[in-house]
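Enquirer: Please construct the entire structure, taking both the sequences and the accompanying hints into account.
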Amino acid sequence: MIAYIIRRLLLIIPTLFGIMVLNFAIVQFAPGGPVEQTLANIKGSASPATNAITGNQSDLIRSQTKDVTSSREVTKYRGARGLDPELVKRIEKMYGFDKPPTERFWMMIKDYATFDFGQSFFKGRPVIDLILDKMPVSISLGLWTTLIVYLVSIPLGIAKAVRDGAPFDVWSSTIIVVGTAIPGYLFAILLIVLFAGGSYFQWFPLQGLTSPDADTFPWWKQTLDYFWHLVLPITALLVGAFAGLTMLTKNSFLDQINQQYVITARAKGLTERRVLYGHVFRNAMLIVIAGFPGAFIGILFTGALLVEIIFSLDGLGLLGYEATLNRDYPIMFGTLYIYTLIGLLTQLISDVTYMLVDPRIDFEARAA
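Read in numbering that gives the first Met the number 0, the sequence shown has 65 at position 66, and its numbers run on one by one without any break.
Just so you know, the hints here were simulated from the structure itself, not pulled from any lab data.
Straight-line alpha carbon distances no greater than 27 Å define the calculated BS3-like cross-link-like pairs of lysine-lysine that follow:
#	residue 1	residue 2
1	Lys133	Lys122
2	Lys109	Lys133
3	Lys92	Lys109
4	Lys133	Lys220
5	Lys98	Lys88
6	Lys88	Lys122
7	Lys122	Lys92
8	Lys98	Lys122
9	Lys122	Lys109
10	Lys88	Lys109
11	Lys109	Lys98
Cβ-Cβ distance ranges computed for the label pairs, FRET-style:
#	residue 1	residue 2	range
12	Asp214	Ile127	22 to 32 Å
13	Trp202	Ile5	51 to 61 Å
14	Gly123	Pro182	28 to 38 Å
15	Phe216	Thr14	38 to 48 Å
16	Ala2	Pro217	46 to 56 Å
17	Gly123	Thr323	14 to 24 Å
18	Thr323	Gly207	16 to 26 Å
19	Phe216	Asp97	48 to 58 Å
Glycine included, every Cβ here is placed at the ideal spot set by N, Cα and C.
Expert: See below:
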């Protein structure tokens, strides 16, 4: 197993490099980069999403806009016409765009190898600090949502497998399908209207993970306040999250129930409960348990963006969304690097989990 893990860890390096190369190349062709964003701010035509200029940018703009009526024209960037070429060059240098793309990419990769992601263009803070600040919100949503999904879906899937074709199986499948058809963000808006002071009741808080004065609460009240703030966002994430795992659990159990060893166990006079949980459970749960790391990462990084926006939760999803709008490349590539690295490591953890749950599985022997 050790040799297999080492090979997989070494394989992460070219995989991560290839993903970064592909995304860096795509971004170079996307219009509206940070230089163009700043030029738009200078000319007063920026959208609200691009007005978060740092102090250094403001100083540069004030010091360099005296000659914006220069007759010389610059056509390299959209919106640069009528501006002093020296101003455009200084803005390029400020963002590092005075260097060719290949040089910028290699500098970025060397820094990322030591987890130095630089500073945000528009927030004026180190990217790693921003990610660490937003991580607790996303971890809270991802962790509790994943745990609840597993705690509900696994028993429900087992019950559906045991009662395959019965009214319980039919009605539970109907409820799951209806829940899957409801978009999480629409359900989140409905929850706000009903329970967060929208039109009816004001039972739950509308934003944040804690109350403004939560620091003054005793520890038990801080815990209750934290979970009270999570009720609506997690409910919105859960509405369509049960279908996949429930059906996976059901199908896994159905597949194992029809195996010969189950028939043999029943022929020996074992009770149905003993057969189900003593023989079927381990084999059927293999794929379900091993998929836990991937399910958590999926909810953590991709499932909560709109819910974070609707409930004003300042997490990684909202950070990435704002960075994309602002073309804040350090945040975009820094979060991509971390997400990809965590995803690749999670895939390795899933494979190792397979081998730990069932020693009969040996990826190393297959590779050989």
